[in-house]
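*Asks:* So the protein lines, in turn, are chains A and B. For reference, each letter of the first sequence is one residue, going 6 to 456 in this note's numbering. For reference, each letter of the second sequence is one residue, going 6 to 456 in this note's numbering.
Hints should not be assumed to be uniformly reliable.
To be verified - Straight-line alpha carbon distances no greater than 25 Å define the calculated DSS-like cross-link-like pairs of lysine-lysine that follow: (1) B:Lys392 <-> A:Lys321; (2) A:Lys75 <-> B:Lys61; (3) B:Lys390 <-> B:Lys430; (4) A:Lys68 <-> B:Lys75.
Unchecked claim - Calculated Cβ distances over 10 Å to all of chain B for the following chain A residues: (5) Ala189; (6) Ala238; (7) Glu241; (8) Thr279; (9) Asp347; (10) Lys422; (11) Pro434.
Don't read these hints as lab results, they were simulated from the structure. Yeah, the Cβ is synthetic: ideal placement off N, Cα and C, and Gly gets one too.
Here's the letter readout for the chains.
2 protein chains.
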Amino acid sequence: MERVKPRTLSGFMELLPQRQMQFEKMLEILRSTYSRYGFTPLDTPVIESAEVLLAKGGGETEKQIYRFTKGDSDLALRFDLTVPLAKYVAEYYGQLSFPFRRYQIGKVYRGERAQRGRFREFYQADIDVIGDGKLDISNDAEIPAIIYDTFRAMGLERFVIRVNNRRLLNGFYGILGLTEKSGAIMRTVDKLEKIGPDKVRAILVEDEGIEPGSVDEVLGFTSITGSNSEVFAQLERWVGKNELFDQGLEELKTVARYLDSFGVPEENFRVDLTIARGLDYYTGTVYETAMLDHPEIGSICSGGRYDNLAEYYTDKQLPGVGISIGLTRLFYVLEEQGYLNDDVITAPADALILPMTEDLSFAIAFAARLRGGGLRVQVYNEAKKFKAKMNYADKQKIPYVVFIGEDEVKAGQVSVKDMRSGDQKTMDPAEAVELIAGGVQSTARVIREKA
Amino acid sequence: MERVKPRTLSGFMELLPQRQMQFEKMLEILRSTYSRYGFTPLDTPVIESAEVLLAKGGGETEKQIYRFTKGDSDLALRFDLTVPLAKYVAEYYGQLSFPFRRYQIGKVYRGERAQRGRFREFYQADIDVIGDGKLDISNDAEIPAIIYDTFRAMGLERFVIRVNNRRLLNGFYGILGLTEKSGAIMRTVDKLEKIGPDKVRAILVEDEGIEPGSVDEVLGFTSITGSNSEVFAQLERWVGKNELFDQGLEELKTVARYLDSFGVPEENFRVDLTIARGLDYYTGTVYETAMLDHPEIGSICSGGRYDNLAEYYTDKQLPGVGISIGLTRLFYVLEEQGYLNDDVITAPADALILPMTEDLSFAIAFAARLRGGGLRVQVYNEAKKFKAKMNYADKQKIPYVVFIGEDEVKAGQVSVKDMRSGDQKTMDPAEAVELIAGGVQSTARVIREKA
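Here chain A stands alone, though its shape is the one from the complex (with noise of 0.2 Å):
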């Protein structure tokens, strides 16, 4: 038989066994998280109408999209969650409560060039909240207190969440005069980190012809630092002078104020007024979230405030918050750096039962009792070596081997092996199922970051 070679598409992420057990914890702690603070999930398809999704006009990620045609229809691959979000809330809404609250893990799709921790199938991990008319500014800082939560929960500590405010830029270029600008400026300015000031003020000022003058303004302004309130004070000298500004200032003050009602802590989140966000799409509160040790990463997890979710497909005003953690290449880069905590059990089991006997029932009964204590079990029944069956066990991690052979079916016993420690003991079921409980608490944190 002429065979094909299997191979996975570059761009595409495909995982081995332990890896992927990681990456379902990971799944697990955000599926858990956001339900806990009352987010509802949604699941949309996958391919959509190409008009639907593209109603909006792509830009630049309309080069990247999967588009095709299955028999007079025209079809695209969603390349994000937002835009499903929009078209859904827009085409429910009466049936929706608001503010409707729903969080959405799925794959998205970009035909990005090919590179080294670049993925053409990559799992985003939404949360949002939209308001039907009006959206209170609590949930602005909601949002970045889940994500605190969150990632703590995985092991994360040493991050920031990056908050500014779109309408306190805005503001403060409309002091400039440069409201015209805006846009221009915010591009350059949210290259700051990686271009440095001298390359972000050429720019301004040879191609964007901005006086010298008022790029020194920006420039001041985006290295303003120092803790919230430092900055908060900084701040001071601008109002009073543009109504945008001080819209912004009060958002961003209260913002800062909640989450430290939130109990988050200072050090994971700080006022900054270098993050812009590229999109338009933002109105009010942006985000950024960098990994401390590994600021060349970039961010994590991003989003912001807008004031009109579907204006594409309705006429009803929905102002939201959200935020998107970019899943996959996350765990990319965790496992790049080393930081997928390898104490996280990621056998496939916690006990492998190794039946010595034709009749299965004992064994079976007791991998059922340990079921029922909420253990993974496997029953081993292959006509293998003995050495060939403690290697399945050990290669996989298996932690427990349990031992079911005629002496312990008549003594109604079972013998267990500890594979961590060597030992090996033969006692009653009951006994058993608390010894193996009692060695698999394994731990949620994912991430492990190095001393």
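With chain A held as given, fit chain B onto it using these hints.
*Replies:* Then chain B, alone, in the frame of chain A:
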């Protein structure tokens, strides 16, 4: 602004939040049951190289495949989870432990003609055990036992897993001298339930040119019914005439005996000589699962034993046994039949906190306390009238509303309203946590059969 009508493609399931929550519960049950049997999660790309995906040649399926090009690449969306498993096992063979036990729950794509209850994007939930060279027959019994556990956990009781063996069938056709016709006979007999014995007879005699006498023997064979031991007793008369028949019977008996060991009651599994599964793929045990009160729905879960999972990719002999639930269709049918259990809590939160003070700290701290106890909590801080807030809770069936006003903050207490009874009481936070936790014990049984 010109607007695009928000719409979802036909043949693509998209659920409202309450239904989505029920679907999510089914996913949770699947993940946890499959894990407890020691299956490891697998995730493979939705997009594969068309050459890899269609290595086997698609037959009927090929016409339905979503296939397209991007750049130079000839791509296709997966149409099942078995081909990606075959690719995966062949590609990573050296890094896997065998028997390799994996579960995969994911979307697959088939461009079927749109019609009610037919989906172009649908979830499959698969388990398979793959051996390296050999695989013990006990796995053929464990697979339906897991399905039994899974459906029971969902709340389904009135179902039967029908088990047969392809070797037994092929051996029987051999005894009749019809080995050449075995494929055609199986495909025709598979339709017995749909079209009845007269039409099956007509097809076999007229279209396939089989002797009427032989057809009578085939129909006599498929009409053998009774308890499993009664069926086995009737099959004895052919023993010793054909090696394949004897082997198939032995396997079938072993599977039935083990299924008993695995604790599956005989009312939920049955040896059934009429089922054959259309695909060439299967070589031994085959399964179908019917809902007893809705046989017209057809099989809700099917699978079987195969000799060679990945022959199109590798020369390794990889026998396996597996089963697949067509989850989207199952969910659709359950909804249609009124089987979805509305006692499952489908609210986005267990408690809604209404802060009546400017400072949210107390409310947020109480929310965190509830979440620490595993509860799902929303803090509702929108500037709405009291009635609108209560409507929000009511419409979404959130079972508890917690009021936190000046008085409560001063006294360090909270006022809890049970939305189902209407009772409201002011109490200490600890008491409130206990009350709410005790009141939201939601059933996991997504399916409720009618009396």
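*Asks:* Each hint: holds or not?
*Replies:* Hint by hint, here is what the structure shows:
1. Pair hint Lys392 (chain B) plus Lys321 (chain A) holds up; C-alpha atoms about 22 Å apart against a cutoff of 25 Å.
2. Between Lys75 (chain A) and Lys61 (chain B) the CA atoms are separated by roughly 22 Å; this keeps the pair inside 25 Å, and the hint holds.
3. About 21 Å separates the Cα atoms of Lys390 (chain B) and Lys430 (chain B), which keeps this hinted pair within 25 Å; it holds.
4. A hinted pair counts as satisfied when its Cα atoms are at most 25 Å apart, and Lys68 (chain A) with Lys75 (chain B) qualifies at roughly 11 Å.
5. For Ala189 (chain A), the shortest C-beta to C-beta distance to chain B comes to about 24 Å, beyond the 10 Å cut-off, and the non-interface label holds.
6. At roughly 22 Å, the least C-beta separation between Ala238 (chain A) and chain B is larger than 10 Å, which holds for a residue marked as non-interface.
7. The claim that Glu241 (chain A) is not at the interface with chain B holds, since no C-beta of that chain comes within 10 Å of its own (minimum 22 Å).
8. The Cβ of Thr279 (chain A) sits about 29 Å from the closest Cβ of chain B, beyond the 10 Å cut-off, so the non-interface label holds.
9. No Cβ of chain B approaches the Cβ of Asp347 (chain A) within 10 Å, the least distance being about 16 Å, so the stated non-interface status holds.
10. Against chain B, the non-interface label of Lys422 (chain A) holds: every CB pair exceeds 10 Å, the least being about 17 Å.
11. The beta carbon of Pro434 (chain A) sits about 16 Å from the closest Cβ of chain B, which is more than 10 Å, so the claim that it is off the interface holds.
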